[in-house]
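A.B. asks: Chain by chain, the residues:
There are 6 protein chains.
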Amino acid sequence: MLIRVINPNTSRAMTEKIGRTAREVAGPGVDVVTTCPAPGAGPAAVESHTDEAWAALAVAQEVADARADGFVVACFGDPGVDAARELATGPVIGIAEAAMHVATLSGRTFAVVTTLSRTLGRAHDLIRRHGFEDACVATYAADVPVLELECPGSAARETIAALGERAVREDGADSVVLGCAGMTDLCAELTERLGVPVIDGVAAAVGLVAGMVRMGVGTSKRDEYAPPPRPPASTTATT
Amino acid sequence: MLIRVINPNTSRAMTEKIGRTAREVAGPGVDVVTTCPAPGAGPAAVESHTDEAWAALAVAQEVADARADGFVVACFGDPGVDAARELATGPVIGIAEAAMHVATLSGRTFAVVTTLSRTLGRAHDLIRRHGFEDACVATYAADVPVLELECPGSAARETIAALGERAVREDGADSVVLGCAGMTDLCAELTERLGVPVIDGVAAAVGLVAGMVRMGVGTSKRDEYAPPPRPPASTTATT
Amino acid sequence: MLIRVINPNTSRAMTEKIGRTAREVAGPGVDVVTTCPAPGAGPAAVESHTDEAWAALAVAQEVADARADGFVVACFGDPGVDAARELATGPVIGIAEAAMHVATLSGRTFAVVTTLSRTLGRAHDLIRRHGFEDACVATYAADVPVLELECPGSAARETIAALGERAVREDGADSVVLGCAGMTDLCAELTERLGVPVIDGVAAAVGLVAGMVRMGVGTSKRDEYAPPPRPPASTTATT
Amino acid sequence: MLIRVINPNTSRAMTEKIGRTAREVAGPGVDVVTTCPAPGAGPAAVESHTDEAWAALAVAQEVADARADGFVVACFGDPGVDAARELATGPVIGIAEAAMHVATLSGRTFAVVTTLSRTLGRAHDLIRRHGFEDACVATYAADVPVLELECPGSAARETIAALGERAVREDGADSVVLGCAGMTDLCAELTERLGVPVIDGVAAAVGLVAGMVRMGVGTSKRDEYAPPPRPPASTTATT
Amino acid sequence: MLIRVINPNTSRAMTEKIGRTAREVAGPGVDVVTTCPAPGAGPAAVESHTDEAWAALAVAQEVADARADGFVVACFGDPGVDAARELATGPVIGIAEAAMHVATLSGRTFAVVTTLSRTLGRAHDLIRRHGFEDACVATYAADVPVLELECPGSAARETIAALGERAVREDGADSVVLGCAGMTDLCAELTERLGVPVIDGVAAAVGLVAGMVRMGVGTSKRDEYAPPPRPPASTTATT
Amino acid sequence: MLIRVINPNTSRAMTEKIGRTAREVAGPGVDVVTTCPAPGAGPAAVESHTDEAWAALAVAQEVADARADGFVVACFGDPGVDAARELATGPVIGIAEAAMHVATLSGRTFAVVTTLSRTLGRAHDLIRRHGFEDACVATYAADVPVLELECPGSAARETIAALGERAVREDGADSVVLGCAGMTDLCAELTERLGVPVIDGVAAAVGLVAGMVRMGVGTSKRDEYAPPPRPPASTTATT
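Protein chains in written order, with the working numbering: chain F, 522 to 760; chain Z, 522 to 760; chain B, 522 to 760; chain P, 522 to 760; chain A, 522 to 760; chain R, 522 to 760.
Just so you know, these hints were derived from the structure itself, not from any lab.
C-beta atoms are modelled at their ideal positions from N, C-alpha and C, and glycine is treated no differently.
Treat the hints with care, since some could be wrong.
With a straight-line Cα cutoff of 20 angstroms, these simulated SDA-like cross-link-like pairs (lysine to any residue) come out [to be verified]:
no., chain 1, residue 1, chain 2, residue 2
1, Z, 742, B, 715
2, P, 742, A, 714
3, F, 742, R, 590
4, F, 742, R, 709
5, Z, 742, B, 710
6, R, 742, A, 638
7, A, 742, P, 710
8, R, 742, R, 590
9, A, 742, P, 714
10, R, 742, A, 639
11, B, 742, Z, 709
12, P, 742, A, 712
13, R, 742, F, 710
14, R, 742, F, 742
15, P, 742, A, 536
16, P, 742, B, 664
17, Z, 742, B, 712
18, B, 742, P, 662
19, R, 742, F, 715
20, R, 742, F, 692
Estimated spans, in silico, between C-beta atoms of each pair [unchecked claim]:
no., chain 1, residue 1, chain 2, residue 2, range
21, P, 671, Z, 737, 27 to 35 angstroms
22, B, 669, A, 550, 35 to 43 angstroms
23, R, 561, A, 560, 22 to 30 angstroms
24, B, 669, F, 759, 50 to 58 angstroms
25, F, 658, Z, 687, 37 to 45 angstroms
26, A, 560, R, 552, 39 to 47 angstroms
27, F, 588, A, 687, 36 to 44 angstroms
Could you build all of it, start to finish, from the sequences and the hints given here?
C.D. replies: See below:
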């Protein structure tokens, strides 16, 4: 089984980090390939609706061009997942929806800790669309830019941990969902520190896609997700 | 006051039709400019999530490049409205949200009649996001491709009218919302035939934008809709 | 076009203030007339459900007796709007629903700052009826009686501003809705101070009514809002 | 214990019928008094929002003027209940809310069968306000004017029964709620015919008020339902 | 009329206390019998989902074996109410649903104060199932084990009172619902102290059952609550 | 990795069938053990709330007594899952929740086809608790007793297929969820016939449990699902 994990931003360091997590949880018999757009063919980070519109097209192109048994979209806004479902036949899962599904199987409630507060609106849209309003008891932003997660000396780690502790203590969160693919390497450490499951969407999505491929359930190609009349456009950075 | 009405597809005929409606309802002191992407710089029609991802970027680029007191996004999926709000300071309104807001001020309930059933998922997302679940009593698709609305001899007109009549009679809709910018020229005729208000999003959005500009209310630039860190990408048709 | 703005309480000072706002935002070609009940034919202020029942009948009588292209009900509980829709053919809009519709077009979230906490229950009913539960992130009462807003030396202004600041800072409100027609003259000053759009329902309702009249959309006269079997009763103060 | 049952319309025949039901279910130790407005001091029937505004004031006046341990508002739109709660200290219950509470204690789902379709909007408002959206699986109108229920030879009885049967068979309603105080005398016969509990709001409200008085729970006088600043107005028919 | 009140835990002291309340509010003509499982045939207290599964079967057995005009399940998780409705023909009401129904008839909002925080999940399930999400503004746990409520010198009383005061002051609760049958004897004292109605589910349920029996409304035996294909199992403590 | 699949009814034939599916989808490195209660220690089938109360305790006992990395509860009412989460540390997943989670990852909407209509109430409770109200567009009962699914010549298969086709055609379901563990062997055949994904909860739950174990996410042991104060009771058939 081949799972293709798409990082919609152009950071190679983040893509490699994502790949490490994905391969660790994939289990025997599952091959994982990770990709990201070439420089200039996708946003450097997804930190706004404008970035997300670009990321959506970058994801759609990756799926249109590649073959795989299933796809993971490794960005917490789940950009382009709807378009990708039109273009694929296997399962396509975004890391936000994946993490939230797994969180509700681990406990009754969860909290999200993400990077920038300006992206919380999109998170709320996803929470509502997927029916997690009752389960999600808090959403916090560390106000850390996405790429700062890659900087060794950053205070981001501590901020994220503190927000997770607050979610458990004050909001009664049964688990904490990491709101950015770039946080994937914090998962083990935070789980230990917080004493509740900390859920990384990359791991969650790979697990769900692998499970669905094994049970023979792909994307329903009925109507909404049937192949689209036109292929996705190419994108290039405006200069 | 200058309102810019953006048709995100490349049909010039549809863009002109949209412009006629917009100018009719704009009222004294309001200038309307209509635009659409150049051929190859936007989808021929918006009939899938893949098209919509493209349309969103096309809309974002128009808003990034142009000046206006307010913007209308003239496509029923409201593509790119979130990104455009980051890029503008005046109001930015999509025709789907506009039509639904006006419908709930005209009566308790409304129905939507749109083109292709595959786009109903997106319509439901918008209905839920904007809080119209209780008000929207039915959504119907005429299963007419968007551009067929431009064909003189098409049966589309009759199909749309019949669905509207059904919505009033069987679903108790107090008004009918037209689910495509290309239906804008059917509004007067359908209103007469159905005996209830028929609401065209182009007219509704122009009216709302003009009203907001007059009362000095633009897009809230706090956090989510503050200027984005990166401008929108350019797009070109994949060949 | 003639828009009739009905203040359901008997304060002439407040009625005049409302009229000033209404005329400012009405734009060219729109005439605005303001009215209020004669002393003893309506409540001195609308500060309870008991007052509101009275106000509803006072509004219904005004609409039954007068002609206009559209009506605005200038009291934040939207008293009598349902009855008025039965009695009018043009649009009838209350200032609470108007302000909340405009707020959701300006940003994702809003807060309401109103006068007395005992009226918050009615505000919540309106928020829910119109589908704004997700958008409305906070409701605050300044615990200022309605007519104190008319007193020059009152501390009300400062209290309202402080609550608005709190809504933006702590609740993440993208805009602030003023919860009383008597606050209409605070809008400009508060917008400046808070740094986000502050939305006055009087301006919002006039803008929406004018827009609907221009696009030819009135009240749907199908069933619920068809003319009622009996005219509204007259009211007189109990002594 | 004294329970005052207020019929907000001026029909004495209906008031007497309501009284018979109320006394039958009241049980030992409970005195029931029924009242209705004098001719011209309330609507002949409550069949519109305009009628309901009048009825609300008529109810408020009755409660302001009378003493009782608890009050029942015997009209399915529950007009004036909020105002009456301000004016009373004991429980005040409308027959719509009463019937729906009892229905959800009898089974999972219920349907409402009422008189005129134009009153369904108000019924939906009450269903939503009280949290019965999931429980209420259908609402039907017999399209029978309220006072026709008093006519011996009317076909109303059969129409109502047929709609109740449909609700059970097609909508899976576990019980049927009668949507008008004037249907109170149909309850026993319909229960027999439909084979599921048929719930009359008059009986339900009397039972609930009596129970609350016995357990010492009245209206919470905190804030929203504290005594109002002004008494309710008097009303007189417009001529 | 005979009402059987079932305490699903094996505490005889608590059962007697429950009986005292039930008899006080029952009113003339209503006989109350209280029962609880024999030692080892039910949980000592209901403080977990595991306890509740046991309690549900204990309740079902009591109802299967006994005759009564109506049943009350005197445990705040309402264990076994669904099963008991299959086994009875009269009304079966749990004290949680009863208290919440009565609370919403007393005011707009209520708060729940219960024993252990680990039982709040079940409380939330009941709140949502019965449609009280909007009405319930807070849920607090005193973190007092159920049986400690029986200890004379316990600090539980003070903790519960303090949480009730907080619910009224900070959350704006119009009433406070006691979240455990073992709190039934605190009701009068707390009502006095808090200044708002304090609602005990035992009293509420007895009042509702008596009212329903008087109005001739039992459990709807249509489909879901028809007699089950198999009787309930017996249970014995694991050793 | 060891996954224990618990059939809460006593049918060995059904347990074996469930085991076959579970092993097929488990993938390399995953051992599956299936169990069911001894005759008389659990219900013959789960067809009522009374059966379900028994099944819940039977499941709790299995989990209390056994060791495994994760548990599947193979009955569509998900009986005992909450109790089992208290008793286990690894993931515990019911087949109803599992199937519905997977359905929403395959398409926007799904329908449930189950055995007896009297169990639909429980299904609706689960749909609402887990946030699938928007996604679930229809629920149908074939009115086939659970054990008839084991009979070779039964018409059940055809009835189920016909309801599935109706869900796709009339309700626009993107996938069909099988509402009984006993339907697990129909999945492949129905998928072919219906042309949309047909989702069997047994396969879905095994896939989800395996994925969660691989990603190191078990049941959150914080508060609600911490070990219970008392072990589950034993049960025996009433005679």
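A.B. asks: Evaluate each hint against the coordinates.
C.D. replies: Now the hints, each set against the structure:
For the hint pairing residue 742 of chain Z with residue 715 of chain B, the CA-to-CA distance comes to about 12 angstroms; that is within 20 angstroms, so the pair holds. A hinted pair counts as satisfied when its Cα atoms are at most 20 angstroms apart, and residue 742 of chain P with residue 714 of chain A qualifies at roughly 14 angstroms. Restraint check: the Cα-Cα separation between residue 742 of chain F and residue 590 of chain R comes to about 35 angstroms, which exceeds 20 angstroms; the hinted pair is violated. For the suggested pair residue 742 of chain F and residue 709 of chain R, the alpha carbons sit about 17 angstroms apart, so the restraint of at most 20 angstroms is met.
Between residue 742 of chain Z and residue 710 of chain B, the direct Cα distance comes to roughly 18 angstroms. Compliance with the 20 angstroms bound is thereby established for this hinted pair. Note on residue 742 of chain R and residue 638 of chain A: the hinted pairing holds, with a Cα-Cα distance of about 13 angstroms set against a maximum of 20 angstroms. The hinted pair formed by residue 742 of chain A and residue 710 of chain P meets the criterion: a straight-line CA distance of about 18 angstroms does not exceed 20 angstroms. Simply put, residue 742 of chain R and residue 590 of chain R have alpha-carbon atoms about 15 angstroms apart, close enough for the 20 angstroms limit, and the pair holds.
A distance of roughly 14 angstroms separates the Cα atoms of residue 742 of chain A and residue 714 of chain P; the hinted pair therefore holds under the 20 angstroms criterion. A distance of roughly 11 angstroms separates the Cα atoms of residue 742 of chain R and residue 639 of chain A; the hinted pair therefore holds under the 20 angstroms criterion. Of the supplied pair hints, the one linking residue 742 of chain B and residue 709 of chain Z holds, its CA atoms being roughly 17 angstroms apart against a limit of 20 angstroms. For the hint linking residue 742 of chain P to residue 712 of chain A, the alpha-carbon distance of about 12 angstroms falls within 20 angstroms, and the restraint holds.
A C-alpha spacing of about 18 angstroms is found between residue 742 of chain R and residue 710 of chain F, which places the hinted pair at or below 20 angstroms, so the restraint holds. A hinted pair counts as satisfied when its Cα atoms are at most 20 angstroms apart, and residue 742 of chain R with residue 742 of chain F does not qualify at roughly 39 angstroms. Restraint check for residue 742 of chain P and residue 536 of chain A: the C-alpha separation of about 33 angstroms exceeds 20 angstroms, so the hint is violated. Between residue 742 of chain P and residue 664 of chain B the CA atoms are separated by roughly 17 angstroms; this keeps the pair inside 20 angstroms, and the hint holds.
A hinted pair counts as satisfied when its Cα atoms are at most 20 angstroms apart, and residue 742 of chain Z with residue 712 of chain B qualifies at roughly 12 angstroms. The straight-line distance between the Cα atoms of residue 742 of chain B and residue 662 of chain P is roughly 18 angstroms, inside the 20 angstroms bound, and the hint therefore holds. Restraint check: the Cα-Cα separation between residue 742 of chain R and residue 715 of chain F comes to about 12 angstroms, which is no more than 20 angstroms; the hinted pair holds. A hinted pair counts as satisfied when its Cα atoms are at most 20 angstroms apart, and residue 742 of chain R with residue 692 of chain F qualifies at roughly 16 angstroms.
For residue 671 of chain P paired with residue 737 of chain Z, a C-beta distance near 56 angstroms fails the hint of 27 to 35 angstroms. Taken as a hint, the range 35 to 43 angstroms is violated for the pair residue 669 of chain B and residue 550 of chain A, whose Cβ atoms sit roughly 54 angstroms apart. Separation of residue 561 of chain R from residue 560 of chain A is about 23 angstroms and conforms to the stated range, judged on CB atoms against 22 to 30 angstroms. Taken as a hint, the range 50 to 58 angstroms holds for the pair residue 669 of chain B and residue 759 of chain F, whose Cβ atoms sit roughly 54 angstroms apart.
Our hint of 37 to 45 angstroms for residue 658 of chain F and residue 687 of chain Z holds, since their Cβ atoms are close to 42 angstroms apart. As the Cβ distance of residue 560 of chain A to residue 552 of chain R is approximately 41 angstroms, the hint placing it in 39 to 47 angstroms holds. At about 59 angstroms, the CB distance of residue 588 of chain F to residue 687 of chain A disagrees with the hint of 36 to 44 angstroms.
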